[in-house]
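Undergrad: Residue numbering for the sequence shown is 765 to 1253, as defined by this note's numbering.
Hints in this document: simulated from the structure, not taken from any laboratory.
Glycine included, C-beta positions come from ideal geometry on N, C-alpha and C.
Careful: at least some of the hints might be erroneous.
[Stated by the list, open to error] What follows is a list of derived Cβ distance ranges for each label pair:
| # | residue 1 | residue 2 | range |
| --- | --- | --- | --- |
| 1 | Thr-1118 | Thr-1251 | 26 to 32 angstroms |
| 2 | Phe-1018 | Ala-1248 | 31 to 37 angstroms |
| 3 | Gln-1079 | Thr-983 | 25 to 31 angstroms |
| 4 | Gly-986 | Pro-1218 | 48 to 54 angstroms |
| 5 | Pro-1218 | Ala-1180 | 36 to 42 angstroms |
| 6 | Ala-1109 | Asn-1226 | 24 to 30 angstroms |
| 7 | Val-1001 | Ser-1249 | 17 to 23 angstroms |
| 8 | Thr-983 | Pro-1131 | 22 to 28 angstroms |
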Amino acid sequence: MRRRIATLGLGLVAAGCSLINAYDAVKESPGDDGGVGDDDATGADVTSTSDVTTASESGSSGGGDGSGDVAPADTGAPIDSASETTVTTTPEAAVDAGSPAGAVVIGGHAVNAGVTTNVLSVLEPTTGMEMSRTPMWVLGVAYEGARDLWYIFDTGTAATGPAPSPTIPVVLHVRQLDTRPAGTWAWTELATLTVPQPASGQTIVPLVDRLAYIASVATDSGPASELAVIDTTSLGVPVADASSTPIASAALDFSPVGLVGTPPMTGVGGNLVIVQNTSNAGDAGSFQFMTAAATVNGVTIGSGPYPLGAARNQQQLVGFGASVGSAGYQDLFAAPSVAQDGGFAGTLSEWTTTTTVVEYNNTVTFPATGSRFDPIAFSACSAVAFIAEGLTAPPNQNLVFAVPIAGPSSSIGTFAVSANAVSSVAFEPFTNTVVVASDVASDSFILGLQLGGPGTAPVLSNRTTTWSPPTDLVPTWVATRQPASFTCP
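Could you put together the complete structure from these sequences and hints?
TA: Okay, here's the thing in structure tokens:
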């Protein structure tokens, strides 16, 4: 079913938009070990091969002081090094390393000998083996498939230090990763710049030459939310000084619980959907969204609100994500509902949105055991959406659903996770792996589920014999490499 929704008036977002050139209060340049808070984890961006420990050399993590897995941008000249070993300027030194493949990048922390260290970790998706680990306090990771770029938000403070204030500016790293099977698995830093702090690693969306996210900023009346859009046009190549990168923003008069971005068929930027839970202080409300856009000139607030379903309280969570097919990109929402008998159900709905037109396309209903859904992952080759229950009441198990976006509910695949909570789900296309993770300290895990069966009847199975991620890593933010050039098998 395809139904066009009439455009409604605004009412959820303040109209004020702004365009600034840079955040200059805190700034880190590549190679500046001082950084923000004098942290080696973000400052030591250039290293020689003598400092690098890679899986191809040792079969284990690089670890070290935070400089061990970041290579410099290619300047065409070797790097000075006190070591007598041969240096390399980029991961391209291994010319016969094979074609770039998949990767799972995790921002989280590890506890060893009673010391908690925040880290950026890279896993090889065939085995789950950790290929590199960098001390870094990561606030979010996102991957852009068009230019093979990784966006990593870093507090700029010590990896073992206290949590930062939620409104201080932070460091954004723009990097590329050598993912060739016999390559170095090293990071190449293209640019760093200081930006508003993301409110959550789950509300960061790369678009065409733009990076949009919900930011937490300080105002005269206290912390507030805004929609921030960074112009990434010039950040796909090495940039010595990215401090003048334009950042546009639009103030929000509510705290969003979700953000979906869909690139345009042509042009720059993309369409955005901002999700809200209107329940408050015990009073029931609703899940709803409004539209926005990242444009060549900044940020445009569109129309809304558009209802998605009832919300009993702020503890209920709606899943959100995007799909892509022959008709282009669509917005996906997984809304929970509670029956009169106390049972739960979920509704996956598909929408097409711009700032002026909103079309409701399709709905698939699936059984559930809870009312908190994590953000949605998607397989473009199978046209399957992956939805994880974030938290369920004992003795229920958290379920992971594999939902064909155009199929009947009878064809939905499920996998039961015996854990207290699930914090995220991501899809890795090279190995057809669904990465299911929890950052609950007492029961953290990184599961690798194999997607099998046809797209019309997906099956999820546990890769227990072929999946061995590090046992000390507690995952908070998970992203996978899904390049735009990927060809379905």
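Undergrad: Next step is simple, just say for each hint if it's right about the structure.
TA: So, going through the hints one by one against the coordinates:
Between Thr-1118 and Thr-1251 the beta carbons are some 29 angstroms apart, a value that agrees with the proposed interval 26 to 32 angstroms. Distance hint check: the CB atoms of Phe-1018 and Ala-1248 are about 33 angstroms apart, consistent with the given range 31 to 37 angstroms. For the pair Gln-1079 and Thr-983, the supplied restraint of 25 to 31 angstroms holds, since their beta-carbon distance comes to about 27 angstroms. A hinted range of 48 to 54 angstroms holds for the C-beta pair Gly-986 and Pro-1218, which are about 52 angstroms apart.
For Pro-1218 and Ala-1180, the Cβ-Cβ distance of about 22 angstroms falls outside the hinted range of 36 to 42 angstroms, so the restraint is violated. In this structure the supplied range 24 to 30 angstroms holds for Ala-1109 paired with Asn-1226, their Cβ-Cβ distance being about 25 angstroms. A beta carbon spacing of about 18 angstroms between Val-1001 and Ser-1249 agrees with the range 17 to 23 angstroms that was offered as a hint. At about 43 angstroms, the CB distance of Thr-983 to Pro-1131 disagrees with the hint of 22 to 28 angstroms.
Hints 5, 8 from the list above are not met by this structure, while the remaining hints are.
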